[in-house]
Every structure is written in structure tokens, then in C-alpha cells.
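Asker: Now for the letters of each chain:
Number of protein chains: 2
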Amino acid sequence: MSEASAQRRGRSGGGAARRAERTAVSIETARYIERNIPNFEVLGEEALAIIEENAETVLQEIGVSFVNNPRALERWKDAGADVIGERVRIPRGLARKLCKTAPARFTQHARNPAKNVEIGGKSLVLAPVYGPPFVHDVETGRRYATIDDFRSFVKLGHMSHWLHHSGGTVCEPTDVAVNKRHLDMLHAHMTLTDKPFMGSVTEPSRAADSVEMCKILFGNDFVDQNTVMTSLININSPLTFDDVMMGALEVYAEANQACIISPFIVGGAMAPVSVAGTLTQVLAEVLAGVAYSQLIRPGAPVIMGCFVTSIDMNSGAPTFGTPEAAHITYGAGQLARRLGLPYRSSGSFNGSKLPDAQAGYESANSLNVGLLSGVNFMLHACGWLEGGLVSSFEKFVIDADQLGALHQMAKGVEIDEEHQAMDAIREVGPGGHYLGCAHTQRHFKTAFWRSEVLDYKPYESWSEAGAHDTAQNAAEIVRRKLASYVPPAMDPGTLEALNDYVARKKAGVADAFT
Amino acid sequence: MSEASAQRRGRSGGGAARRAERTAVSIETARYIERNIPNFEVLGEEALAIIEENAETVLQEIGVSFVNNPRALERWKDAGADVIGERVRIPRGLARKLCKTAPARFTQHARNPAKNVEIGGKSLVLAPVYGPPFVHDVETGRRYATIDDFRSFVKLGHMSHWLHHSGGTVCEPTDVAVNKRHLDMLHAHMTLTDKPFMGSVTEPSRAADSVEMCKILFGNDFVDQNTVMTSLININSPLTFDDVMMGALEVYAEANQACIISPFIVGGAMAPVSVAGTLTQVLAEVLAGVAYSQLIRPGAPVIMGCFVTSIDMNSGAPTFGTPEAAHITYGAGQLARRLGLPYRSSGSFNGSKLPDAQAGYESANSLNVGLLSGVNFMLHACGWLEGGLVSSFEKFVIDADQLGALHQMAKGVEIDEEHQAMDAIREVGPGGHYLGCAHTQRHFKTAFWRSEVLDYKPYESWSEAGAHDTAQNAAEIVRRKLASYVPPAMDPGTLEALNDYVARKKAGVADAFT
Chain A
1 MSEASAQRRG
11 RSGGGAARRA
21 ERTAVSIETA
31 RYIERNIPNF
41 EVLGEEALAI
51 IEENAETVLQ
61 EIGVSFVNNP
71 RALERWKDAG
81 ADVIGERVRI
91 PRGLARKLCK
101 TAPARFTQHA
111 RNPAKNVEIG
121 GKSLVLAPVY
131 GPPFVHDVET
141 GRRYATIDDF
151 RSFVKLGHMS
161 HWLHHSGGTV
171 CEPTDVAVNK
181 RHLDMLHAHM
191 TLTDKPFMGS
201 VTEPSRAADS
211 VEMCKILFGN
221 DFVDQNTVMT
231 SLININSPLT
241 FDDVMMGALE
251 VYAEANQACI
261 ISPFIVGGAM
271 APVSVAGTLT
281 QVLAEVLAGV
291 AYSQLIRPGA
301 PVIMGCFVTS
311 IDMNSGAPTF
321 GTPEAAHITY
331 GAGQLARRLG
341 LPYRSSGSFN
351 GSKLPDAQAG
361 YESANSLNVG
371 LLSGVNFMLH
381 ACGWLEGGLV
391 SSFEKFVIDA
401 DQLGALHQMA
411 KGVEIDEEHQ
421 AMDAIREVGP
431 GGHYLGCAHT
441 QRHFKTAFWR
451 SEVLDYKPYE
461 SWSEAGAHDT
471 AQNAAEIVRR
481 KLASYVPPAM
491 DPGTLEALND
501 YVARKKAGVA
511 DAFT
Chain B
1 MSEASAQRRG
11 RSGGGAARRA
21 ERTAVSIETA
31 RYIERNIPNF
41 EVLGEEALAI
51 IEENAETVLQ
61 EIGVSFVNNP
71 RALERWKDAG
81 ADVIGERVRI
91 PRGLARKLCK
101 TAPARFTQHA
111 RNPAKNVEIG
121 GKSLVLAPVY
131 GPPFVHDVET
141 GRRYATIDDF
151 RSFVKLGHMS
161 HWLHHSGGTV
171 CEPTDVAVNK
181 RHLDMLHAHM
191 TLTDKPFMGS
201 VTEPSRAADS
211 VEMCKILFGN
221 DFVDQNTVMT
231 SLININSPLT
241 FDDVMMGALE
251 VYAEANQACI
261 ISPFIVGGAM
271 APVSVAGTLT
281 QVLAEVLAGV
291 AYSQLIRPGA
301 PVIMGCFVTS
311 IDMNSGAPTF
321 GTPEAAHITY
331 GAGQLARRLG
341 LPYRSSGSFN
351 GSKLPDAQAG
361 YESANSLNVG
371 LLSGVNFMLH
381 ACGWLEGGLV
391 SSFEKFVIDA
401 DQLGALHQMA
411 KGVEIDEEHQ
421 AMDAIREVGP
431 GGHYLGCAHT
441 QRHFKTAFWR
451 SEVLDYKPYE
461 SWSEAGAHDT
471 AQNAAEIVRR
481 KLASYVPPAM
491 DPGTLEALND
501 YVARKKAGVA
511 DAFT
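Protein chains in written order, with the UniProt record's numbering: chain A, 1 to 514; chain B, 1 to 514.
Hints in this document: simulated from the structure, not taken from any laboratory. Remember, predicted model here, so these are calculated numbers, not experimental data. Please note that the accuracy of each hint is not assured.
[Claimed, not checked] Between beta-carbon pairs, the in silico distance windows are:
1. A:GLU53 / B:ARG442: 21 to 31 angstroms
2. A:GLU53 / B:GLY80: 57 to 67 angstroms
3. A:GLU452 / B:PRO38: 53 to 63 angstroms
4. B:LYS445 / A:ASP242: 31 to 41 angstroms
5. A:TYR459 / B:GLN441: 48 to 58 angstroms
6. A:SER484 / B:PRO38: 42 to 52 angstroms
7. A:ASP500 / B:ASP423: 54 to 64 angstroms
8. A:GLU452 / B:GLU53: 47 to 57 angstroms
9. B:SER463 / A:ASP500: 23 to 33 angstroms
[Stated by the list, open to error] A short, non-exhaustive set of chain A residues, derived as facing chain B with CB atoms under 8 angstroms:
10. ASP78
11. MET313
12. ALA357
13. ILE415
14. HIS419
Think of the CB as a built atom: it goes at the ideal place given N, C-alpha and C, for glycine as much as any other residue.
Taking the hints into account, I'd like the entire structure generated from these sequences.
Answerer: Right, dumping it as C-alpha cells:
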């Protein structure tokens, strides 16, 4: 029994909780990926050195803005930066030096310790789509998301074998007041699944609520000593750190909770149209953001983020799964490893309005780049549609299924004597077939990854079964999954305390919808 | 003017041809890809050495079968192999030694010299789907392919900017007799496009017809001295070389025409269920096949092929775009480079019945692996559907569009001062945007790859335009392309000679449909 689990048992005290845990249906989740394949690298040593040098020049000569945040400016001044107005110019080397206290890897704890994730090194942790105001299903189309939709996505995530993490704002519950929805979202992640999750970042007070609710779920001491949330702090690219996001970062860093510090870049709009220029800006922004987190609390866990898309210069629309985004994602991975930080990028990105062929090509492009670029934390790994405006139910299960292929791909090639299979080649010989041979019999159950969503039927049986496309098949799987969902066991005392916290916080203030 | 072009002008003689060439609409085709990115490699030195050692053991101890081919057995005996019955056991090292005369790269000439392709080294040449008996379009569904369909696919290939090669059997024209359809297929490739193409392999006599027709198109001397066809010779895996395929190989090698020597493997059926075992067998088969080509004519151009899919062990269906196929494709690329041979693998592989999300994910997986594994010749790069049973019109244009992304991806990252974009970062500064800055103005037209098929419209305009999915949009593009097709200019004398050859050969024999 792990420390976390022991502590929680201590808190709950009663035999009822233990009985509930024993009788609950167990949803098996794959362990986070540990890569046994190399990373793909597009930049040579010279290019990396130029980009790093240029990023330092950006920090020293152009600087970054910390907006509406006098306390941040004070901190930077104290650390040795040149602060004029809200502009912070960081002497060459200072930001990189400050980043050194950030850990190269850390554990994010889940309430079920078997679902803890390691973030950093060769790991890859997969989390679902984050942020869309709309949801889409193939029967009823596109509509504003509700808290019921939110809970459905958390349930689907809980039931996914390949998803390690429950994520954060899997969709925006627009039917709940803006100043209260974080409470319902956290409550859903804490009660409907036992996977790790993300905290709220839309106000520092909501980040504080997230920490408080975690203390109820995990216990006070446990949260002080361990990372139980990874939250998404976007940088207002170019080179701007706003007070809301920084306020949330300050709360989390002080509480030793992890943040993804992530430039949000539509190439050509928020960064130069060139890959090298974008990487320079991304690195400068991450250096400044991570350094700031270490000014709050040295050793606070952080992830280098890099959200990039290209732009259709005809229409101004962001475009996804494109080669330029791939170059940047590969390059940023190299920069993150040189900086010694965990890396977040990529996802099931696409610009399609439907879970159709476009969604498939673009998402697959992006998912593959994510695996090969050495991403450690992949947000948006499933369910993303229409440039992030929409969480799609069908695409959630199609993508989540493809994540299984990433697991298998990451295993690499086994070369021991059994996998050399010389006995099989000898047994079968020229002109034979391997279906019945001893080696095949020993391995056929696990030799090949198998999709649970894609159609492998012959044409005739597929046609007789209704000639469904992938989205229609996925819709049926969504229905089946949601109908058979069983919540993970939970200590009734903890549940009651969470319910009380949410009710009390909601009762204290009027609804706000902006 | 190239040698080929000069010779052909010499043949045609008349000014009419030159005038026709001048007035024809030019369809611009991208130059074959020259990679400026590394290859992705999954095998270490030790694993490669084990596989190579095991392949030699397979050749020496188990051997390969050359079926119904006494002349081949003689050749092998003369070369030093141990021949018992049809089984050829090749002493350790002999096959690899024989392979050394095969060129590491070669030029395949097109009748338009601007469309010649280099095969080998860092090049990647893209050719369309090969072999399906059915075609599919989203309006009328799936049906047997006809010669009209065949011509339509050749026209679409001709009009594709990103496709370098017209391919071979883009679909089987099942309405033409089996013993005559190769004539119509070659005629289409020779007259409806000026891109390079493949020869017939279904009978040695049809390979001979292919060479004869090329002599009409290119001139006798030119064909003797240059490679003008690359044809697909499948190995009957495991370890079997049948007389039909070897007969065609013999014709082509003698004529100095290129062959892809390609194991055809559904993993678990025609090869062991393990990656290392499959790679061992693939290498043994390619070593034997390439060595045999060099026994026919030392220096004959060949490509190491590797067609691999995994199998769904529940249903026995072949599966595509899977991680095991990716491992094998990456590994076989490493083996090909160590052998010093051009490499063929990958394609727009998928098992879907429709150009839907499944087709998109699986095809994108496979296309990306093809680029990163160092493939030099990618057959099936567009149009493949339903495990290769179907050529899809819509998927042809969707895939062909994605091939543009591979071109851009292969360019790698430019790091010169202009692409470092420090002037842009200085000009824009914190909180600005890059859309109007000088650097963006200089580069926006070429900075980002842009799809011509995928939908970049906002939701509202997409919805008003009919809310079409990718396949419906592609269907419209297919209609537009075929309606605006213009054949490339052709010397009337050559056309007449080709027409005569086809008519004469068809008149000489009765139709056969098996």
C-alpha cells in the first residue's frame, strides 16, 4: 500500500469504504507509456545553439511583459532583472539558471495510487481534450456544452484503457455560472474517476478552491508534500504573462502543484511565420515562465508547454496536423530535453467540423508527432474537433482507441531469441504458412495491437451490418460505454465533504456568467 | 534538352509534335522529394547484426524455392548455391555478395524529362495505388473496375501536383480480357500522362510487350541504355519465387529495367508474428531475389521492397496503419540502407470500406512512417481503400493532397538569418501580433503548407455550404479535375505507332478472362 493510499485510509477510517472499494467494478487502465524508441530530432547542434542564443537575446533585449502584476515585477527586480514599467528584461543566462531548480520529472498522484503518473524522462502521459465550449455528436450535431456533457466525458475517460489522466476542462459546462463551474468540474474529476486530473486556472481564487478540494480528497499533509494536480498556464504569446494566469500559477507553485507553462501560438499571428523564429520565441517564453515559477517556490514542478498550429494565410483560420507544426513540435522537444524539463505538446488536433477523414488524417499526423517528439504530457490526446471549439463524443473514443497504437509503437522491437522466431521460420519453410505454427500459437494473443473501434469486417458482413462509417460505429460505442459506466469506489465521508465544500462555495456568491 | 528528349525529338521528326508540345497546357508536378530530415530508426546495431546473421542462416540452412523454373535453378547452381529439387540453399554471404552489383540509386526516365525521378539515396518518389479489382466513389459505391475507371485514375494522377509517378495497375480493368488489359493499361500511362510508369508483370510475355511499347515511346536505343519502367515483382512469402513473377523479372532485368523485389507479407500468416522474425524473413527473401536479378544481368536496377501488414487474430483480416507494421517498415529501411539498395514500402494503407475517419487515421499513420523510414519509392501513396481491394476516387485526391504535407515535412528546418526572424520578434514585441509585420509579408505565401482538399472554413460558412464531410468535398474535386483534364502533348507518329501495336497484339489472340 502506498503512502498516499495509507493516508487516505487513515482519513476515511470506516470499513464501509473498504467494502465499497472491494465490490466496485475495476476499470483497468494501461500504465503511462515508457518509451523504448528514440526521439525524432529535426535540429542539429548548430541550429539548437543558435535558437538558444537568440532566445537569450530576446529575453535580454526585448524582454517580456508581466501585466497587472506589481508583485511579479518586484520578484523579477529582486532576482536581478531590469524592470521598466511592466517590461521585464532578463540578463542573458539568468532565466536558464533559475530554471535549474525545476525537477526533470515528478509524480502526479491519483486517488487510486495504481493510476499515479510519472511526468518526465521517457514517459508519455495521455490526457483528454481541454477547453471547448461546444460538444458534438453525430446524431444531434453541435451545441453548447453542459455539465451533463462534462460528466459524460469524464466517464468515457474513466473507462478508457489507454487514457492515463482525466484532464481538466474536457468541455466548458456553459449551463453553470462561470464563477462556479470549476467546483462542479473538479467534483466530477474527483468522484466519477480515480485517475489524476487538472486544476482550475481561470482565477487565482479558483486555483485556491482546487487546492482546497484536493486537500479534502487526498488529505492536508499529503497535498503539502505531493503533486496531485497538473494545471494549464497559457502564455499570452508573444511574450506576455497576464495576471489571471500568473495568479493561478502563483497559487499552484506555492502549493507545490504542477503547472504546464505553455505558449499558445497560431503561427504567423502570435509568432513569426518561420519555424526557427517560432522556436526562439517559444523558448524565450518558457524560460521566463518557468523561471518565474521557481521564483515563487524553487523546486515547484513544471512542464515546458508548446501549443502550436499553423495558419491558413488565405482565410486566417488556424490549421492542424500540418508539417510546420510538426517541425516546431519536434524542435521544441529537443529544446525541452536540453533544458531538463518535462515536455507537453501535440494532441488529437484537427480543424474538421466532423469526425471524418480530415479529422483522421490531421489527428493521426499530430498524435504520431507527439509520440516521436518525446512529449511527456499530451493534453488533447482524444476528443478534439474543429480547432478546439468542439469536444466530440465519437472522436473521443476513436482517438482514445488510437492511443493504444501509440502504446504498442513505444514498446519498440524485441530482439530476444523468442522474438527472433528462427524456430518458426524453420518449422514453416518455403511455401508454408504461419497461422498454426507453435511460435504463432504462443504469441498470437498479444503479437498485434487490435483496435476496439475500427472496422475489420469483410465487406459483405460490414454491408449487412448497416455499412456504418467510423463515426457511426463510434456513436454506438459511446452509448454502450455510458450505459455501462460504474463509478469507482469512494469513501462516503470524503464524498460528503466534497459535496459540502461545493455547496458552501456556491451558496456564498451570486452567479456570474462572464 | 536531355538526351532522352533529344532522341525522342529525333524519332518524331516533325514540327507538328513540337508545336503540339508548345501549345499544351502544362500540369506542374513537384520534383520528387529529397529528404533534408533524418530517418527514424528503431533497431540498434546489435539487433541489425542479429537479423542479418539470421537471414544468412535462413538462406543457407532452409533456403528458398524457385518454382517451375529450371533455368533459375541452373543459374543458382552455377553461382555456387546448393540446389536440391526446387530448393536453393545459398551459402552464407553469397547472396549479399551478388547484391553488390545492384546500383544504390538510378534514374527512371519519363517521356517528359522534367518528370524523371531519382530512386535511391535521400529521394522519395510517390506513386499511386496498385492492383485493386474494385473502385469506389461516394455516390455510387463499390463496383468492379473498368478501363474507363483506369483512365480516370491515370488522369487524376497526371493532374496531381504531388504525385511523381503514374504507377501501374491503378485498378484492374476487369472489362478487358486478362491477356489484353496490360496493353490498354500501358497505352493509358503512355498517352494520358507524361509521368513515369510501371510495366506489366502478370506474364513474361506481357513484360516483353511492356518493353516493346516503351521502345516505341522512348526509342530503341534509349530503352537499351536507360531505365524507363519500374515494375513490381512480389515474392510468394514465405521464401518462394514463382515462375510467373520470376519470368517477368528476367525480362525486365535483361532489358535493364527496374524491378521492386518485394516480399508480400500479412504478418502471422506469411511471416512469424514477431517483428524481428518478419524482418529476418524479409531480408532473406530480398537478398535471394535481388541476387537472382544480378545473376540475370549484373547492374540491373532493383529496389528492396517490403509490403507488410499485421493481422487481426480474431478474424484473420489484414490490418493497416498498425504499430507492428510501422516497426517492420522502420527496421526494413535500416536493413535496405545497410544493403545499399533503394527501398520501397508503406502507402495510403487502410482497411476501411469508406474514405472516412478510419481511412484517415490508418493512412496517415502509414504515410508518416513511409516518410520517416527512408522509403525511396512509395507505391500505393494515394487512392488505396479496403485493404487494397478498392481504388477510391475520393481517397485518391485526399491522399494525393496529404502527399504535399510530406514534401513540406521532408524539407526540414531552415536556420539561416532570415528564418531566425529576430527582426520580426523585435518589430512585434510583447503583446503585438505578427500578421502585418515585414517578415510575415515577405514569407506568408510560402511559409505554410496549405491543403487543397481539407476544409478550413469557419463553422457557419461550412454549414451554409452544405455541411459536407471530407469525402463529399473530395467527390466535387474529382468531378472538377476530370472535367478539366487536358492530355499532355504527344508526337502523333508515336501515338499512331502505339495504337498500331496495341491493335495488332489484341487482334492476334482470343480473349482470355483467367
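Asker: Can you tell me whether the CB distance of A:ASP500 to B:ASP423 sits inside 54 to 64 angstroms?
Answerer: holds, 58 angstroms
Asker: Is it true that B:LYS445 and A:ASP242 lie within 31 to 41 angstroms of each other by Cβ?
Answerer: Roughly 33 angstroms apart at Cβ, these two residues keep to the hinted range, so it holds.
Asker: Are A:ILE415 and chain B close enough, Cβ to Cβ, to be under 8 angstroms, as the hint says?
Answerer: This hint holds: A:ILE415 lies near chain B, its Cβ roughly 4 angstroms from the closest one there, short of 8 angstroms.
Asker: Does the CB of A:ALA357 sit less than 8 angstroms away from some CB of chain B?
Answerer: Holds. Min distance 4 angstroms.
Asker: Range hint 23 to 33 angstroms: satisfied by the CB atoms of B:SER463 and A:ASP500?
Answerer: This hint is violated: roughly 45 angstroms between Cβ atoms.
Asker: For the pair A:TYR459 and B:GLN441, does the Cβ-Cβ distance stay inside 48 to 58 angstroms?
Answerer: holds, 52 angstroms
Asker: Go through the hint on A:ASP78 and say holds or violated, using the shortest Cβ distance to chain B against 8 angstroms.
Answerer: violated, 21 angstroms
Asker: Can you tell me whether the CB distance of A:GLU53 to B:GLY80 sits inside 57 to 67 angstroms?
Answerer: Because 59 angstroms falls inside the window, the suggested range holds.
Asker: Can the suggested window of 53 to 63 angstroms be confirmed for the beta-carbon pair A:GLU452 and B:PRO38?
Answerer: violated, 34 angstroms
Asker: Quick check on the hint: A:MET313 CB to chain B CB, less than 8 angstroms?
Answerer: Status holds, d = 5 angstroms.
Asker: Has the hinted range 21 to 31 angstroms been met by the Cβ atoms of A:GLU53 and B:ARG442?
Answerer: Since A:GLU53 and B:ARG442 have Cβ atoms about 23 angstroms apart, the given range 21 to 31 angstroms holds.
Asker: Taking the beta carbons of A:SER484 and B:PRO38, is their distance inside 42 to 52 angstroms?
Answerer: holds, 46 angstroms
Comparing the model with each earlier hint shows violations of hints 3, 8, 9, 10; every other hint is respected.
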